[in-house]
Amino acid sequence: MAFLDTIMWPFSWAVSFILSLWHNVLGLLGLPEESGLNWALSIVLLVLVIRIILIPLFVRQIKSQRGMQIVQPELQKLQAKYKGKKDPVSRQAMVSEQQALFKKHKVNPFMTCLPILAQMPIFLALFWCLNRIGGGIGWGTTDTDYQAEGYFALSPSEVVSFAESRLLSVGMPDTFLGAVQGDPGLMGGTVAVIALTATMIVLMVSTQFFTQKQLMSKNMSEAALQGQFAQTQKMMLYVLPLVFVFGGVYFPVGVLIYWTATNFWTMGQQWWVIRNNPTPGSLAEKELNLRRAAKGLPPVGEDARKAREEAAKPKGEHKGQTSQPKKKKKKKKKGQR
Amino acid sequence: MTWIRHSDFYLEEFLSASPPPPEDSAASGTRGGHGVSPSPEQARNYWHWWRRAPSYPLIWFILFWRKMISPLYGEVCGFYPSCSAYGLEAVTVHGLVRGSVLTGWRILRCNPFTGGGVDHIPASSRVWPEQELPPIVKLNHPPIPRDPD
Numbered sequence: 028m029a030f031l032d033t034i035m036w037p038f039s040w041a042v043s044f045i046l047s048l049w050h051n052v053l054g055l056l057g058l059p060e061e062s063g064l065n066w067a068l069s070i071v072l073l074v075l076v077i078r079i080i081l082i083p084l085f086v087r088q089i090k091s092q093r094g095m096q097i098v099q100p101e102l103q104k105l106q107a108k109y110k111g112k113k114d115p116v117s118r119q120a121m122v123s124e125q126q127a128l129f130k131k132h133k134v135n136p137f138m139t140c141l142p143i144l145a146q147m148p149i150f151l152a153l154f155w156c157l158n159r160i161g162g163g164i165g166w167g168t169t170d171t172d173y174q175a176e177g178y179f180a181l182s183p184s185e186v187v188s189f190a191e192s193r194l195l196s197v198g199m200p201d202t203f204l205g206a207v208q209g210d211p212g213l214m215g216g217t218v219a220v221i222a223l224t225a226t227m228i229v230l231m232v233s234t235q236f237f238t239q240k241q242l243m244s245k246n247m248s249e250a251a252l253q254g255q256f257a258q259t260q261k262m263m264l265y266v267l268p269l270v271f272v273f274g275g276v277y278f279p280v281g282v283l284i285y286w287t288a289t290n291f292w293t294m295g296q297q298w299w300v301i302r303n304n305p306t307p308g309s310l311a312e313k314e315l316n317l318r319r320a321a322k323g324l325p326p327v328g329e330d331a332r333k334a335r336e337e338a339a340k341p342k343g344e345h346k347g348q349t350s351q352p353k354k355k356k357k358k359k360k361k362g363q364r
Numbered sequence: 020m021t022w023i024r025h026s027d028f029y030l031e032e033f034l035s036a037s038p039p040p041p042e043d044s045a046a047s048g049t050r051g052g053h054g055v056s057p058s059p060e061q062a063r064n065y066w067h068w069w070r071r072a073p074s075y076p077l078i079w080f081i082l083f084w085r086k087m088i089s090p091l092y093g094e095v096c097g098f099y100p101s102c103s104a105y106g107l108e109a110v111t112v113h114g115l116v117r118g119s120v121l122t123g124w125r126i127l128r129c130n131p132f133t134g135g136g137v138d139h140i141p142a143s144s145r146v147w148p149e150q151e152l153p154p155i156v157k158l159n160h161p162p163i164p165r166d167p168d
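Chains as they are written, first to last, in our numbering: chain G, 28 to 364; chain C, 20 to 168.
Some clues are possibly wrong.
As a list, the in silico DSS-like pairs of lysine-lysine whose alpha-carbon atoms are at most 25 Å apart [as the list claims (entries may be wrong)]:
| hint | chain 1 | residue 1 | chain 2 | residue 2 |
| --- | --- | --- | --- | --- |
| 1 | C | K157 | G | K108 |
| 2 | C | K86 | C | K157 |
| 3 | C | K86 | G | K322 |
| 4 | G | K333 | G | K90 |
| 5 | G | K131 | G | K322 |
| 6 | G | K313 | C | K86 |
| 7 | C | K86 | G | K113 |
| 8 | G | K108 | G | K131 |
| 9 | G | K90 | G | K110 |
| 10 | G | K130 | G | K112 |
| 11 | G | K322 | G | K261 |
| 12 | G | K110 | C | K157 |
| 13 | G | K90 | G | K113 |
| 14 | G | K261 | G | K90 |
| 15 | C | K157 | G | K112 |
| 16 | G | K353 | G | K313 |
| 17 | G | K245 | G | K353 |
| 18 | G | K108 | C | K86 |
| 19 | G | K90 | G | K240 |
| 20 | G | K90 | G | K340 |
| 21 | G | K313 | G | K333 |
What the simulated footprint calls covered on chain G by chain C, stretch by stretch (three residues with Cβ under 8 Å from a Cβ of chain C suffice, anywhere in the stretch; the number is not a length) [what the hints assert, rightly or not]:
| hint | region |
| --- | --- |
| 22 | 43–56 |
| 23 | 119–132 |
| 24 | 137–150 |
It should be emphasised that the hints constitute simulated quantities derived from the structure, not laboratory data.
Cβ coordinates follow ideal geometry from the N, Cα and C atoms, glycine included.
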């Protein structure tokens, strides 16, 4: 655990610092320092900060996904070229050409899961923070008394305030599993804790599922809906919610707030992307072009490309015989013979 | 005897044409000491063995890695040649010091942010008799067949 702690040090510090900052700001704005609402809002604002920082990463992810769809036909051409060639030399040549193709279209297979991976340290830092300051026995807890020593950027009094704060009479470090097992450290009543955590788990999982479903039904081109890439997406659709159902029972209320808020952000962000900048060839793009047509605007994306190609096609009309340029008669200058 | 230069694999015609052109040593005759057939003194000269010796422990380690450990996690490298293939060729053709530096730099570049691509080892001035050409060099530089169209 000491090794992980060392790696996590900057993240734990950043998370506790941002939390402490927002907690103080909200306190200045008049929210009582000890209230659970103050701490819950601080967590939501932490999500806001993290997600704003991560926007460039999402932009790169979207670009990579677009590139993957553009590259699909060329990849099939490549597979046809090396069909039946199983010898190592040909295999190597194929891999080499494939990598060059990915580079050319800026496709990066890592990018698909990077935004989720990038949030993991933040999530883990918050998870540990709540587990440790609550004084319960959960994953990542140590012998240190954080309520006396403070937790990274959180002062001892802030740690006590965070650990003792209640949202709808449920404590921030309470978990679903703790309530079911009758953990003596539980702050809220068993029924209240189960009701609140269960509601939040359902909210968290359904937003996750809805976001992925929307992505697949609206923002993927027909070419991308078949093949390997679509299979991965389909797995994400059903497996990730399942992971969060089983993981959710271990999450303290504070972590559930974080994860639900971040899912709502993802949903909004994706709604915006689908509406204003859809994938070429997807259903969302057709809808965008219908809206644009209603306003009298020219189409964008795939339809615009088709229109351009249509205009560039030879019409088959004979333009008639072109006349030879005629030689102009030169005027003779005076005095010239 | 035919000699092959590492830099032969970087020639424009090799990269586009199907069969690798066997480079005759007559063309590389200006490179000191490498005749068409080495004289008996040259054949008895073990200097090149001594020169290569320091890199062998690392070469064996990378070979072991590629044989036993790489298959456990499959193809994950974003580059071509993959990091281990790059490392093996780099140490084989550039020697222990330069090869290790090149490999280290490549492993640092192999992360989600660089985006991979085709990235060959810088050409070296090393030459081999045709039958002694290390297999990794051939493996990393497959002739790319022409597109059918």
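Hint by hint, here is what the structure shows:
no. : hint               : result
1   : C:K157 with G:K108 : holds (21 Å)
2   : C:K86 with C:K157  : holds (18 Å)
3   : C:K86 with G:K322  : violated (63 Å)
4   : G:K333 with G:K90  : holds (22 Å)
5   : G:K131 with G:K322 : violated (36 Å)
6   : G:K313 with C:K86  : violated (51 Å)
7   : C:K86 with G:K113  : holds (20 Å)
8   : G:K108 with G:K131 : holds (19 Å)
9   : G:K90 with G:K110  : violated (29 Å)
10  : G:K130 with G:K112 : holds (24 Å)
11  : G:K322 with G:K261 : violated (35 Å)
12  : G:K110 with C:K157 : holds (22 Å)
13  : G:K90 with G:K113  : violated (33 Å)
14  : G:K261 with G:K90  : holds (20 Å)
15  : C:K157 with G:K112 : holds (17 Å)
16  : G:K353 with G:K313 : violated (52 Å)
17  : G:K245 with G:K353 : violated (60 Å)
18  : G:K108 with C:K86  : violated (29 Å)
19  : G:K90 with G:K240  : holds (20 Å)
20  : G:K90 with G:K340  : violated (30 Å)
21  : G:K313 with G:K333 : holds (13 Å)
22  : 43–56              : violated (count 0)
23  : 119–132            : holds (count 10)
24  : 137–150            : holds (count 3)
The earlier numbered hints that this structure contradicts are 3, 5, 6, 9, 11, 13, 16, 17, 18, 20, 22.
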